[in-house]
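Enquirer: Use these hints to put chain G onto chain F, whose structure you have.
Chains F and G supply the protein sequences, listed in that same order.
Residues in the first sequence are numbered from 7 upward in steps of one, following the numbering used here.
Residues in the second sequence are numbered from 7 upward in steps of one, following the numbering used here.
Because the hints were derived from the structure by calculation, they are not lab data.
Only a predicted model underlies this, so the values are computations on that prediction, with no experimental measurement involved.
Glycine included, each C-beta is placed from N, C-alpha and C at the ideal position.
Incorrect hints may have been included.
[What the hints assert, rightly or not] Partial chain F-side listing against chain G, Cβ under 7 Å, derived:
#, residue
1, Lys171
2, Ala172
3, Trp175
4, Asp176
5, Ala218
6, Asp296
7, His301
[Stated by the list, open to error] If you anchor each label on the Cβ, the simulated ranges turn out as follows:
#, chain 1, residue 1, chain 2, residue 2, range
8, F, Ser303, G, Gly116, 24 to 34 Å
9, F, Gly331, G, Asp176, 14 to 24 Å
10, G, Phe353, F, Phe49, 50 to 60 Å
What follows is each chain in one-letter form.
Protein chains: 2
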Amino acid sequence: MNDHRFLRALRREPVDCTPVWIMRQAGRYLPEYRATRAKAGSFVNLCKTPQLACEVTLQPLARFPLDAAILFSDILTIPDAMGLGLSVEEGEGPRLAHPVRTREDIDKLGVPDPETDLRYVMDAVRLIRRELNDQVPLIGFAGSPWTLACYMIEGAGSSSFARPKALAWDDPQTMHKLLDVIARSVAAYLAAQAAAGAQALMVFDTWGGLLAPEMFREFSLRYLSQIAQMLQSDNVARDVPLILFSKGANGHLEALADTGCAALGLDWTIALGDARARVGNRVALQGNLDPAVLHASPDAIRAEVKKALASFGPHPGHVFNLGHGITPEVNPDNLGVLIEAVHEQSFCRVG
Amino acid sequence: MNDHRFLRALRREPVDCTPVWIMRQAGRYLPEYRATRAKAGSFVNLCKTPQLACEVTLQPLARFPLDAAILFSDILTIPDAMGLGLSVEEGEGPRLAHPVRTREDIDKLGVPDPETDLRYVMDAVRLIRRELNDQVPLIGFAGSPWTLACYMIEGAGSSSFARPKALAWDDPQTMHKLLDVIARSVAAYLAAQAAAGAQALMVFDTWGGLLAPEMFREFSLRYLSQIAQMLQSDNVARDVPLILFSKGANGHLEALADTGCAALGLDWTIALGDARARVGNRVALQGNLDPAVLHASPDAIRAEVKKALASFGPHPGHVFNLGHGITPEVNPDNLGVLIEAVHEQSFCRVG
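So here's chain F without its partners, still in its complex pose:
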């Protein structure tokens, strides 16, 4: 399993062909997902029932020759375990019933114990590993401290996240206290996922790109580095590659590559070759086609795959993916075209 092309690519070792997986590959574009989701009753219940989380995790692998599975879960499991009360209504974004707005709110937060407070996630990881039976590696994940803080303060999604930003400007000490407890929680959570069997770990910094450069360094990057360092000092997690994905933060690729992570996720607003030129051989790169390409024709999809592979060049260290999650309206057949094109067009190119 350690020789699987996905794990080899993350270590920047030669592969037979470029590995590919897709963010949100277990998701609403699949009718079988929608059926399991309906059976679960709610999105949160789907996340919290290991048997069902395992079922949807495996669904895309039954259809497509994907090179990795990713745990079906949500980045807000940690705030939920901290007592903030997660719910996700159909057709709306997530909500936290008890947002944290004051120093007193934040002082009360503790680091959840993964094997008790987030046991359902660890059980799902163990069950998925058993069911996968070493077919492909399993990726575990968490949200970044900044991204989780955005939701924990705002209590829901937002186009601007003005509340967390205002806290960062007006009371940076309190914001750092919050980010520190989240970072320690994320590190413990990811280490526990590794111990339960996750073979790669990914941190989604979905809202890092909403920050001005100086704020990004102080309130997002700093805690991504802290997590990478904490995982390096964990006996199991130190050997599990860490992928960092700061969406919209292409101005910071060099700094992200210096955190000690194994790979960077990239959105589609930078050419793979330009990103590679900037980070050199420090990290592998994961990405990065515009998810909208799956609304184009099969010929256009193949052409875009070809251009992305050419942009990266015949080097080791590329994991193919979209630059953001696959969207619900996509025809699954188009994803099949993309995956086949990645494997065919990259076959025996890097050896």
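Expert: Chain G alone, transformed into the frame defined by chain F:
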């Protein structure tokens, strides 16, 4: 008037203090705007009634020592004049009743005549100039071809604009035909605004940053260049500075600076000093505080203004602004703090 600090800064000439205006300065954060908006009955009617458009254009100038007025209008006046049927419902985004989806739809589109089909805009420009009485310069504006094409194809806002992107991939020739007729329309519209009295012109490429780099160059940048060149060959507009703002497209600043525009608008995800280092003395820069800063305390606002001015440095060629439009929930007093801080902290710095 030609010596006003706003126009001098756009020409990168020394100024007494850094000029400042704010995107969406005539907008919902002002109670007097909401009153006029209610009187107008609909947003579209507000745009189409020169007297009311003039009234809201001038409202922020009565409160704050702003250094420019910007025509109150909407980027979708051109698609509306092409017959697509604009409406904007309260609390929702804009809608076009007749989106263009096929080659046949696109073949039917013509370039609107500004003085007949968009007469209400030209009348508003003339009226505002008269009422301004040379107090400050007036900015005219339009949407970019790519951004207008997004709305014209999708028929509404979208988080991904998958339809226009799919057309660009599947039938680039048809997409170019659409972008060309829009670019010619935008150039004619901006030239007419200049003839009617606009003293600076701005193009909002709101959705350029949603494009992968190669697509940005082919489907957005190319038409921004076309507009800049067409305006250069217009007897009046050639002397009116053109500001290009491609939100989220910081990877393309050098190319945008080479279009022949006078200035670039910047969002807040790049440091002003870094942007200036990249474009050198080719263009002035406009921006770029995170609009969320207006939710912070007056002290934090002043500190962020100070940092932005320091980042740009004591050079000519800076127009202060936010990095995106001011949001409806802002306390107007906080905008007053920002404007005062810009003038005070930059006074006699560049001379």
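Enquirer: Compare the structure with each hint and give your call.
Expert: Cross-check of the supplied hints:
{"no.": "1", "hint": "Lys171", "verdict": "holds, 4 Å"}
{"no.": "2", "hint": "Ala172", "verdict": "holds, 4 Å"}
{"no.": "3", "hint": "Trp175", "verdict": "holds, 4 Å"}
{"no.": "4", "hint": "Asp176", "verdict": "holds, 5 Å"}
{"no.": "5", "hint": "Ala218", "verdict": "holds, 5 Å"}
{"no.": "6", "hint": "Asp296", "verdict": "holds, 5 Å"}
{"no.": "7", "hint": "His301", "verdict": "holds, 4 Å"}
{"no.": "8", "hint": "F:Ser303 <-> G:Gly116: 24 to 34 Å", "verdict": "holds, 29 Å"}
{"no.": "9", "hint": "F:Gly331 <-> G:Asp176: 14 to 24 Å", "verdict": "holds, 22 Å"}
{"no.": "10", "hint": "G:Phe353 <-> F:Phe49: 50 to 60 Å", "verdict": "holds, 55 Å"}
Violated hints are absent here; each numbered hint is respected by the structure.
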